[in-house]
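Student: Sequence:
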Amino acid sequence: MFKNIALVVISLVVSGVFVALALRGVPVEEVLANIGQANPFWVIMAIALGVVAVWTRGIRWRGLLNYKVSQNRAFYIVGITYLLNLLPLRAGEVARSLLARREGVPLATAATSIIVERLLDTLLVVVMLSVSVSQLPNIPDSVSTSALLFGVAGIAAAITGIFMAKYRGFSMRILAVVEARLTFLQRFNLSKLLEQVLDGLQPLTEPRRLAHAIGWTLISWTFSVLMFYALHLGLSLSGPDAMVNSALGTALASFSIAIPVSVASIGPFQGAVRLAGEMVGLASVQAISLGFILHGVAVASYIITGVIGIIALGVGVSDFVDNLQKRVTPVQQSTTPVQS
Numbered sequence: 002m003f004k005n006i007a008l009v010v011i012s013l014v015v016s017g018v019f020v021a022l023a024l025r026g027v028p029v030e031e032v033l034a035n036i037g038q039a040n041p042f043w044v045i046m047a048i049a050l051g052v053v054a055v056w057t058r059g060i061r062w063r064g065l066l067n068y069k070v071s072q073n074r075a076f077y078i079v080g081i082t083y084l085l086n087l088l089p090l091r092a093g094e095v096a097r098s099l100l101a102r103r104e105g106v107p108l109a110t111a112a113t114s115i116i117v118e119r120l121l122d123t124l125l126v127v128v129m130l131s132v133s134v135s136q137l138p139n140i141p142d143s144v145s146t147s148a149l150l151f152g153v154a155g156i157a158a159a160i161t162g163i164f165m166a167k168y169r170g171f172s173m174r175i176l177a178v179v180e181a182r183l184t185f186l187q188r189f190n191l192s193k194l195l196e197q198v199l200d201g202l203q204p205l206t207e208p209r210r211l212a213h214a215i216g217w218t219l220i221s222w223t224f225s226v227l228m229f230y231a232l233h234l235g236l237s238l239s240g241p242d243a244m245v246n247s248a249l250g251t252a253l254a255s256f257s258i259a260i261p262v263s264v265a266s267i268g269p270f271q272g273a274v275r276l277a278g279e280m281v282g283l284a285s286v287q288a289i290s291l292g293f294i295l296h297g298v299a300v301a302s303y304i305i306t307g308v309i310g311i312i313a314l315g316v317g318v319s320d321f322v323d324n325l326q327k328r329v330t331p332v333q334q335s336t337t338p339v340q341s
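The sequence shown begins at 2 in this note's numbering and counts up by one.
Nothing false has been slipped in among the hints.
Cut-off 25 Å, straight-line C-alpha distance, at most; resulting in silico cross-link-like pairs (SDA-like, lysine to any residue): (1) Lys193 - Phe164; (2) Lys69 - Leu85; (3) Lys193 - Val179; (4) Lys167 - Gln187; (5) Lys69 - Val316; (6) Lys167 - Thr110; (7) Lys167 - Ala109; (8) Lys4 - Leu88; (9) Lys193 - Leu176; (10) Lys69 - His213; (11) Lys167 - Asn67; (12) Lys69 - Lys167; (13) Lys193 - Met173; (14) Lys193 - Ala181; (15) Lys69 - Ile220; (16) Lys69 - Arg210; (17) Lys167 - Leu124; (18) Lys167 - Ala212; (19) Lys193 - Met165; (20) Lys4 - Val262; (21) Lys193 - Gly170; (22) Lys69 - Asp200; (23) Lys167 - Leu108; (24) Lys167 - Thr206; (25) Lys69 - Leu108; (26) Lys69 - Ile163; (27) Lys167 - Leu125; (28) Lys167 - Gly152; (29) Lys167 - Thr123; (30) Lys167 - Gly216; (31) Lys193 - Thr161; (32) Lys69 - Glu104.
Computed spacing ranges between beta-carbons, pair by pair: (33) Leu88 - Ala109: 23 to 29 Å; (34) Gly105 - Pro141: 53 to 59 Å; (35) Ile220 - Gly315: 25 to 31 Å.
Quick caveat, the hints were computed from the structure, so don't treat them as lab data. Cβ coordinates follow ideal geometry from the N, Cα and C atoms, glycine included.
Based on the provided sequences and hints, a complete structural model is requested.
Tutor: What follows is the structure, encoded as structure tokens:
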């Protein structure tokens, strides 16, 4: 009980600090006035796009599970995942593995599919960040070129990883040769780490599943960017840089969610969106207003899809919490080393 209370208090403090940083130098009353002037039509459209984005992520996950669950149930489970990820330290991914197991999916398969999703999302966000930075107004050519090269390097690293997973024996032999020459590396147990990474990438060595995963990753993130763009229209901020800001803001906000101890990412999220807006030339009050509205829209879409999933699957809250407490350690042990 004490740990839970301490976690909530720490999360509130972290969110409070980041909100204060995000609002620095900006009159709160102007932000509230800006938000109050948002066009309700575009706000509703943005929420709808957020719901569709979750649906497409369900399609992607179903493919990574080799279609072992129905599309509807994949959507329900992913919806619950995103809802629970709003909580401090995010229990959503653990819950997804447990709910998938109820559908007859082995725990290891579910955990691996989640790892592959994270790899694909990270790669897409890196590429999106690189391209959007290269399109910023008044940016030096050297920075633009470096940003694009960073994105290309990310793609090359992903291709290399898939190749290594496809030819596991060759990859392990290469590592053995390197460790034989650089003996100090042997203390880090790199062979075990490499095996875990290759296990996570294994599903992407199958062409059909790879095409499915990449295609639906692109589609799902397109809906996420369009959700942001709709809010530009809602605040009458449409212009030549609106799409660049939508992509850049989405990418930076995604990285900000990596801070686990916060309340639904409040604070880090808004700060990331403000940074993106200022980089494309928006006034600080406009940029931070976008951050708060976008966060509210994202949370609303996750609540909608999560509640739908809970009702459709008939998940009992007490039963779910009991199972989560019993199995959180095994699931974390099976996924954390690979993610690191």
